[in-house]
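Between the sequences and the hints, there should be enough to build the whole structure, so can you do that?
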Amino acid sequence: MEKNPLIPLVALDEHSFEQLFRSEYKGLCFFAIRYVRDMETAKEIVQDTFISLWEKRDSIDMEKSVKSYLSTSIKNKCYNHLRNNKKFNSDLILDDVLCEKVSFESNDKLIENELKARISTAIDELPEKCREVFLLSRYENMKYHEIAIKLQISVKTVDTQMSKALQHMRLKLSDYMTLVFIIVCIFSVVNKIMK
Amino acid sequence: MENLKEYYIDLITRHLAGELSPEEVQDLADWISLYPENLKLYEDYSKIWDTIVKDQIEKNVNLDEEWERILFKIRNPKPAMVSREKILTGKFGRSSVTKIFMPFLKIAAVFLILVLASLSIYFLTATGKEKTLLATDDCLEKGLPDGTIITMNSGSKLVYPEKFGKHERKVKLSGEAYFNVHRDSKKPFVISADDIRIKVLGTSFYVNTKASGENVEVVLTTGKLAIFCKNRPSEIMTLHPGEKAIVNKKTEIIIKKQNDDLNYMSWKNKKIVFYNNTLNDIITTLNRVYHSDIVVRNNAISNCRLTATFNNQTLESVLNVIKTTLDIQVKQTETGIELCGDGCR
Chain Z
1 MEKNPLIPLV ALDEHSFEQL FRSEYKGLCF FAIRYVRDME TAKEIVQDTF ISLWEKRDSI
61 DMEKSVKSYL STSIKNKCYN HLRNNKKFNS DLILDDVLCE KVSFESNDKL IENELKARIS
121 TAIDELPEKC REVFLLSRYE NMKYHEIAIK LQISVKTVDT QMSKALQHMR LKLSDYMTLV
181 FIIVCIFSVV NKIMK
Chain E
1001 MENLKEYYID LITRHLAGEL SPEEVQDLAD WISLYPENLK LYEDYSKIWD TIVKDQIEKN
1061 VNLDEEWERI LFKIRNPKPA MVSREKILTG KFGRSSVTKI FMPFLKIAAV FLILVLASLS
1121 IYFLTATGKE KTLLATDDCL EKGLPDGTII TMNSGSKLVY PEKFGKHERK VKLSGEAYFN
1181 VHRDSKKPFV ISADDIRIKV LGTSFYVNTK ASGENVEVVL TTGKLAIFCK NRPSEIMTLH
1241 PGEKAIVNKK TEIIIKKQND DLNYMSWKNK KIVFYNNTLN DIITTLNRVY HSDIVVRNNA
1301 ISNCRLTATF NNQTLESVLN VIKTTLDIQV KQTETGIELC GDGCR
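Chains as they are written, first to last, in this note's numbering: chain Z, 1 to 195; chain E, 1001 to 1345.
If you are wondering where the hints come from, they were derived from the structure by calculation, not from laboratory data.
One or more of the hints may lead you astray.
What the hints assert, rightly or not - Pairs of lysine to aspartate or glutamate residues, derived as EDC-like cross-links and limited to a Cα-Cα distance of at most 20 Å, are as follows: (1) Z:75 with Z:128; (2) Z:172 with E:1044; (3) E:1187 with Z:140; (4) E:1040 with Z:175; (5) Z:143 with E:1019; (6) Z:164 with E:1010; (7) E:1187 with Z:18; (8) E:1224 with E:1281; (9) E:1073 with Z:55; (10) E:1059 with Z:55.
What the hints assert, rightly or not - If the Cβ cut is set under 8 Å, some of the chain E residues that face chain Z in the computed set are: (11) 1009; (12) 1045; (13) 1055.
Unchecked claim - Here are some chain E residues the structure puts well away from chain Z; computed CB gaps all over 12 Å: (14) 1119; (15) 1165; (16) 1199; (17) 1214; (18) 1278; (19) 1340.
Everything numeric in this text was worked out from a predicted model, so none of it was measured.
Positions of the beta carbon are idealized from the N, C-alpha and C atoms, including for glycine.
See the structure below:
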């Protein structure tokens, strides 16, 4: 088994810190969002973690990988945030216990262009009201009650439209996702055989 | 049966959006553990949601901006708190000397508390004094009390309160600046330039309150921005990234167009891009970025074209490249710099 490529923390200068930041930031934001489910909170948590890493750069145990330090630290901060906002028991039960463990891939490109294009098409195909609600929720980071106020509709309608949107997205994307999933599985099996 | 499935799909959607109450989550968790198909359904939706979130991150996260923010916080860390114990015990420790001073210390402490209490009441009720930021010779970069980072070009002035108000964050700008506003959807950030108002929640953009023709110019880099005049607050022009607004201070007419000036940020990062630009245009940009006084002497060369990119170069090296590429002479005079030549190469 290969050793994880460690970044020697003694030499963590601004330049290598910037490299680390640029390659991990987006993946870590995705990782954090799975817990806190809010873009701005996730960004703040990831930023604070990077700043702590910089401040502690002389005293962090160099045996452990930097990436696992980052993800552990972010996970803890997410838990703290959920606890402080009295949401402690909610989201954690489902994601941690029922589904696979949440991990993050370090990619500065989170999704391939092909998938991006498919998402765009799928969104364009949504009926107008549905699309409006979906875009406000996902790309403008608005909460359901904020959308309801802005579009002068009830929260229940926002609910229904979001469900409709997600069902449509599932229809349009799941065949592609299955294909990608199969390819990824084959690839990882091949990788394991090669090692 | 279909109704029940619809109900739980609705719960799943709301859970993924973070809109469920703890009881509803428990309900959903119970339903998922009932049958494997339920878990599969949840996982399907969860995967799609993850894909959308990734797309969302790709669209909303600007690495350069985020890096700049972190870099700023690293270079300007909050000062550490001095340990209180060190101050109080000091060199003497619990010797007899401190026993004599104790009653005086107690009185001083009470007095100090009273003074602090009245001061804090004063500061809590008032919005605080105004502070002024003045950029003299060079660019000035500063963090405001809310976490917003502003970079000002020389000769620019910003007035801001020590503590922002409850409903809005208001500042006054005169000159040229680049704002990286910290997101706060509850407290809009409002910039005043004479009677013109620029309002954002959390974005990054460029403002010039002294643009030619008595105009205020705004170019939006990321996020969303609203611009309007104080006297006509309902006539709002919204900008999207890559767009530029020009407001005339006298007529109060707002024009919106696509930003075509690649170099609107050059004064800040000294990155200049020329794509088949004429020498005249190039000199105008250079004079703006380097505060120089370059003049083109001969008409023969004023329309010579050049394509080049300069990354954080000195004016001297930029002129060297121009000199060599276009085969012209660069002369230093008492008033400034002169470019002469016979014609384009």
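task = Find the hints from earlier in the document that the structure breaks and name them by number, from lowest to highest.
result = As far as the earlier hints go, 1, 7, 8 and 10 are violated by this structure, in ascending order.
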